[in-house]
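Under the working numbering, residues 2 to 502 are what the sequence shown spells out, in order.
Incorrect hints may have been included.
As the list claims (entries may be wrong) - Simulated restraints, written as ranges between beta carbons of each label pair: (1) L445 / L63: 31 to 41 Å; (2) V426 / E223: 47 to 57 Å; (3) A390 / L445: 24 to 34 Å; (4) G200 / D167: 41 to 51 Å; (5) V435 / P241: 30 to 40 Å.
By construction, these hints were calculated from the structure, which means they are not laboratory data.
Owing to the predicted nature of the structure, the values given are computational and were not obtained by experimental measurement.
Where a beta carbon is used, it is the ideal one built from N, C-alpha and C, also for glycine.
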Amino acid sequence: MTSPAGESLVQSVDWLTIAPPTLTALVALVVLVADLFVPQERKQLLGWIAIGGLTAALALLLPLRSGDRETFCLTADTHTEACSYTADHFTLVIQLLVLAGALLTALLSLDATRERLPAGEYWFLLLSSAAGAALLPASRDLATLVVALEVASLPAFALVGLKRGDRMSGEAALKFFLSSVTATAVTLLGVSFVYATTGTLHLTEIAQRLDDVPGQLQTLAEAGVALTLVGFAFKTAAVPFHFWVPDTYVGAPLPVAAYLSVVGKAVGFTGLILVTVVAFPSYADVWGPALAVLAALTMTAGNVAALRQVSTRAWSAVRLLAWSSVAQAGYLLVPIAAAAYSGDDQIGATVAYALMYAVVNLGAFAVVALVARAHPENRIADHRGLYAASPATALALGFFLLNLAGLPPGIIGLFAKVTVFSAAVDAGLGWLAVIMGVNVVIALYYYLRWTALLFRAPEGAPVTHRAPAPVTLAIVLTATAGVVLSGYPQFALRFAATSLF
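Go ahead and model the full structure; you've got the sequences and the hints to work with.
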């Protein structure tokens, strides 16, 4: 007979449950090996292998849609709470966002890898990062969470600096690396303090044991919670830990900037949600007010900086989207802060907003990447008269910008902002709702200014923007998703009405 002590060491493995991130990682290895044998003139094949792998990983989410599977549990009972990997509805929605975001990034990258970037290294790094990002929402212990976070982050450093011989790219990668390493060090220190005081790494068990920490270890536990939250604040680009964002986006290849703005942000917010709502609910009176203040500072700093962008300045389009992403991070923090006051039902608002943001922001980056083919300095002014040259592209970008602003016909953008606003009001954070309202008005100016520029008369003859088929497909997919979500917002907003855990 097996002793109880022996049973506690048994790890159950459900291969179907872990299939999406596992397949993504395996395809990354296939691409790495294939790069050794594929001749230079056929390197594009590696990109299509990556796209096929990401599509297959997305398809593997379908058998898991019931959201009731767990694996890597401490006992033979797979329904125990002490599991390291959980495929609940929260996990599946974030994995859908991450893998779809990586797939759209891959479509945007096909042209870049043909002309400027080393194909083999690029696809391996992108798939490796996507595998870590897909693992993270399923992680239910701190060790797996930190490993997934680093697997998602480390390849991203190299992706940012992959433009060989480009000084800005190297500087951006270095700044991104140093800030992320600092965040990781702080997070690991916090995790070690939490483990020392609770004796476990599983999030649900940490939540139970933090209520009974001995008095002499209380200060250590509080320090561990605070340091862990600070580390994830770096990852989410919350103020004052946002300084790396604009320079990193400008220096990175445009598809990588798009990837970081959506998938990188999803990674940070998912980790923050897991450690606050699942692991540290007993410290809600600490992290709730702290996140509320961070949300107010982040949305305000991001919008004010975006407002100051000069349309004729080089790389102003990417800088505006970078600062806009900082502001959007502030909105995403609001429901997490509200969860401290009114329960984890509010977390759904962050997920609904993240889905909207991912679709329209990737679409905006796709159009900017298209225009950059003729205007490599990526200025906002380069988009003047886009409607005269390419009406469909201009209408798509206008639609994406209006969604980010929360104006019709971007219905899903409007509904997502209302959902986040309601989360703040329901939690009694009226002051935060007022600050959010003011920031939405500030953001209207720079989004509408860019939108209006699309329909102004061009200076000189209109420049025809010939889009490669993969870029066109990325724009079409994001625009279609935005229209569908605007026509059927319940698909995203239903996640805001119920608890995901």
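Checklist entry - Has the hinted range 41 to 51 Å been met by the Cβ atoms of G200 and D167? => result Once the Cβ atoms are compared, 48 Å apart, the range 41 to 51 Å for D167 and G200 holds.
Next on the checklist: 31 to 41 Å was suggested as the range; check whether the CB atoms of L445 and L63 agree with it.
Outcome noted: holds, 39 Å
Checklist entry - In this structure, is the beta-carbon distance linking V426 and E223 contained in 47 to 57 Å? => result Distance hint for V426, E223 is violated at roughly 30 Å.
Item to check | Range hint 24 to 34 Å (beta carbons of A390 and L445) holds or violated | outcome: holds, 26 Å
Item to check | V435 versus P241 beta-carbon gap, inside 30 to 40 Å or not | outcome: violated, 22 Å
Violated hints, in rising order: 2, 5; the structure is consistent with all others.
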